[in-house]
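Undergrad: Sequence:
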Amino acid sequence: REREREMVVVVVALRSAERREAELQLRSTIPPRPEDGEAGSEGHGCGWGGARRGESRQKGTDGFASVLGAAEGQLPVCVTSAASYIGRAIVDCLLSRGYSVRLAVDSRDDLEKLGEAEVLEGRGGGRISAVAADVMDVEGLCEAFDGCAGVFHTSAFLDPAGISGYSKHMAEMEATAAAKVVEACARTPSVRRCVFTSSLLACVWRRHHPDPHGQRRAPALLDESCWSDETLCRDKKLWLALGKTMAERAAWRAARGRDVKVATLCPALLTGPAFCSENPSSSVAYLKGGDEMYAEGLLATAEVGKVAEAHVCVYEAMGGGDTSCGRYICFDRVVHREEDITHLWRQLGLANWLSDGTTGNGGAIYFVLSNSKLRRLMSQRRCPYDGLNMDLCY
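Anchor point for the sequence shown: position 350 equals 350 in full-length UniProt numbering, and the numbering is continuous, going up by one each time.
If you are wondering where the hints come from, they were derived from the structure by calculation, not from laboratory data. Check each hint, because a few of them may be wrong.
Quick list of simulated restraints, FRET-style, between CB atoms [unchecked claim]: (1) R337 / S129: 20 to 30 Å; (2) E338 / A220: 29 to 39 Å; (3) H336 / H169: 19 to 29 Å; (4) S96 / Q380: 27 to 37 Å; (5) R337 / R127: 38 to 48 Å; (6) V368 / G126: 26 to 36 Å; (7) T176 / S277: 26 to 36 Å; (8) E143 / R346: 21 to 31 Å; (9) S379 / E278: 25 to 35 Å; (10) D137 / E339: 42 to 52 Å; (11) R234 / T342: 22 to 32 Å.
SDA-like, lysine to any residue: derived pairs with alpha carbons at most 20 Å apart [as the list claims (entries may be wrong)]: (12) K113 / S277; (13) K236 / S281; (14) K113 / A132; (15) K237 / G272; (16) K373 / E224; (17) K168 / E183; (18) K373 / W227; (19) K288 / Y366; (20) K168 / K288; (21) K288 / P219; (22) K168 / V284; (23) K373 / A317; (24) K288 / W227; (25) K168 / R333; (26) K288 / E172; (27) K237 / V312; (28) K288 / A156; (29) K236 / V284; (30) K288 / R333; (31) K113 / V131; (32) K113 / G126; (33) K373 / D291; (34) K288 / R337; (35) K113 / E139; (36) K373 / V312; (37) K236 / D340; (38) K237 / E172; (39) K373 / P219; (40) K288 / D340.
Quick reminder that beta carbons are idealized off the backbone N, C-alpha and C, glycines included.
Work out the full structure: start from the sequences and follow the hints.
TA: If you want it as structure tokens, here you go:
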């Protein structure tokens with residue numbers, strides 16, 4: 001009976017008080033998040049782990065879920081590393097769809113840069129705000145996320161000096177930050193969903209065994225069930241691939257048994273307006289080992305605006321149930337021709353990093369990238385992602 005009286009207070013508050021007051025009333029009655037229960041496997045299902053917990057949540061014990069849903073639709077969403085190339089694209093997409101957006105930037109210097117660039121002025125009809133948040137500080141992240149319904153963690157790590165690209169140390173930092181962000185999401189009562197930006201690099205670097213008789217094998221499918229081999233990444237010094245793999249796994253581990261839904265997007269090499277100047281460090285780091293990816297049919301690109309649209313579409317689908325959680329490979333073009341790869345590295349101002357004699361798949365094992373899971377989701381939700389069509393998957 002005491003619990004019922006508490007819920008009546010919450011319902012009344014939601015109907016009569018201002019939005020912020022309603023949210024505070026709601027959080028004050030949220031029961032402690034359960035820490036036990038089954039843990040979901042990496043990349044499958046939601047952070048709640050067991051179907052039993054998810055089912056209880058869906059039914060809304062004592063009417064709690066329905067009350068939460070009413071408040072969630074009014075709350076803003078937060079985008080981490082919002083000053084990054086992908087972060088800005090996600091913010092633009094969210095604003096265009098009517099969301100209120102809180103920009104979380106890595107430092108007060110970045111916050112000042114946003115102000116100097118007048119990023120916050122006249123955009124979104126007052127639906128945009130910014131806060132500095134250190135991704136290594138869980139308490140600070142909780143403050144930044146407080147009052148938001150969801151978080152888009154872009155995991156956009158860059159070399160502070162702008163000269164070394166992406167290092168082994170940065171890979172370890174990114175993995176640590178990923179766990180802290182998901183931990184903060186789970187500890188923030190208002191946050192119910194987290195969309196995590198990983199990379200196709202977290203899927204493609206695996207140990208392959210050629211045919212012992214030297215015969216060409218049929219193309220093998222590479223989809224969301226595939227994970228990069230961390231040991232192989234270390235051996236080849238593929239630090240960005242290592243960092244993205246470690247970070248995504250850390251995010252899934254942190255979400256196990258926690259009361260937060262998680263989905264990860266694994267986009268290919270980002271392209272788009274001014275990507276050469278706006279995103280050079282990440283692009284160069286992505287292309288380390290590019291000759292092998294190209295030879296095996298695994299070098300793909302993704303237009304940044306379409307990737308942002310995919311993030312928002314997945315986020316919205318997560319509100320409808322647990323089935324939309326998990327991993328999503330995201331690309332709109334596979335690079336097959338030598339002239340295309342030559343044009344790509346010229347755009348980035350790189351020396352020819354293709355190994356001598358690498359002119360195609362040759363005798364290497366050839367793979368077929370699949371983005372069918374994301375295509376199905378966006379088709380069902382009628383999201384305008386024209387690049388995700390069947391003939392570009394092969």
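Undergrad: Does each hint hold? Answer for all of them.
TA: How the hints compare with the structure:
no. : hint                    : in the structure
1   : R337 / S129: 20 to 30 Å : violated, 45 Å
2   : E338 / A220: 29 to 39 Å : violated, 23 Å
3   : H336 / H169: 19 to 29 Å : violated, 35 Å
4   : S96 / Q380: 27 to 37 Å  : violated, 21 Å
5   : R337 / R127: 38 to 48 Å : holds, 43 Å
6   : V368 / G126: 26 to 36 Å : violated, 47 Å
7   : T176 / S277: 26 to 36 Å : holds, 29 Å
8   : E143 / R346: 21 to 31 Å : violated, 45 Å
9   : S379 / E278: 25 to 35 Å : holds, 30 Å
10  : D137 / E339: 42 to 52 Å : holds, 47 Å
11  : R234 / T342: 22 to 32 Å : holds, 30 Å
12  : K113 / S277             : holds, 17 Å
13  : K236 / S281             : holds, 19 Å
14  : K113 / A132             : holds, 12 Å
15  : K237 / G272             : violated, 27 Å
16  : K373 / E224             : holds, 8 Å
17  : K168 / E183             : violated, 23 Å
18  : K373 / W227             : holds, 16 Å
19  : K288 / Y366             : holds, 19 Å
20  : K168 / K288             : holds, 13 Å
21  : K288 / P219             : violated, 23 Å
22  : K168 / V284             : holds, 15 Å
23  : K373 / A317             : holds, 13 Å
24  : K288 / W227             : holds, 18 Å
25  : K168 / R333             : violated, 29 Å
26  : K288 / E172             : holds, 18 Å
27  : K237 / V312             : violated, 33 Å
28  : K288 / A156             : holds, 17 Å
29  : K236 / V284             : holds, 15 Å
30  : K288 / R333             : holds, 19 Å
31  : K113 / V131             : holds, 12 Å
32  : K113 / G126             : holds, 19 Å
33  : K373 / D291             : violated, 27 Å
34  : K288 / R337             : holds, 18 Å
35  : K113 / E139             : violated, 24 Å
36  : K373 / V312             : holds, 15 Å
37  : K236 / D340             : violated, 25 Å
38  : K237 / E172             : holds, 13 Å
39  : K373 / P219             : holds, 19 Å
40  : K288 / D340             : holds, 17 Å
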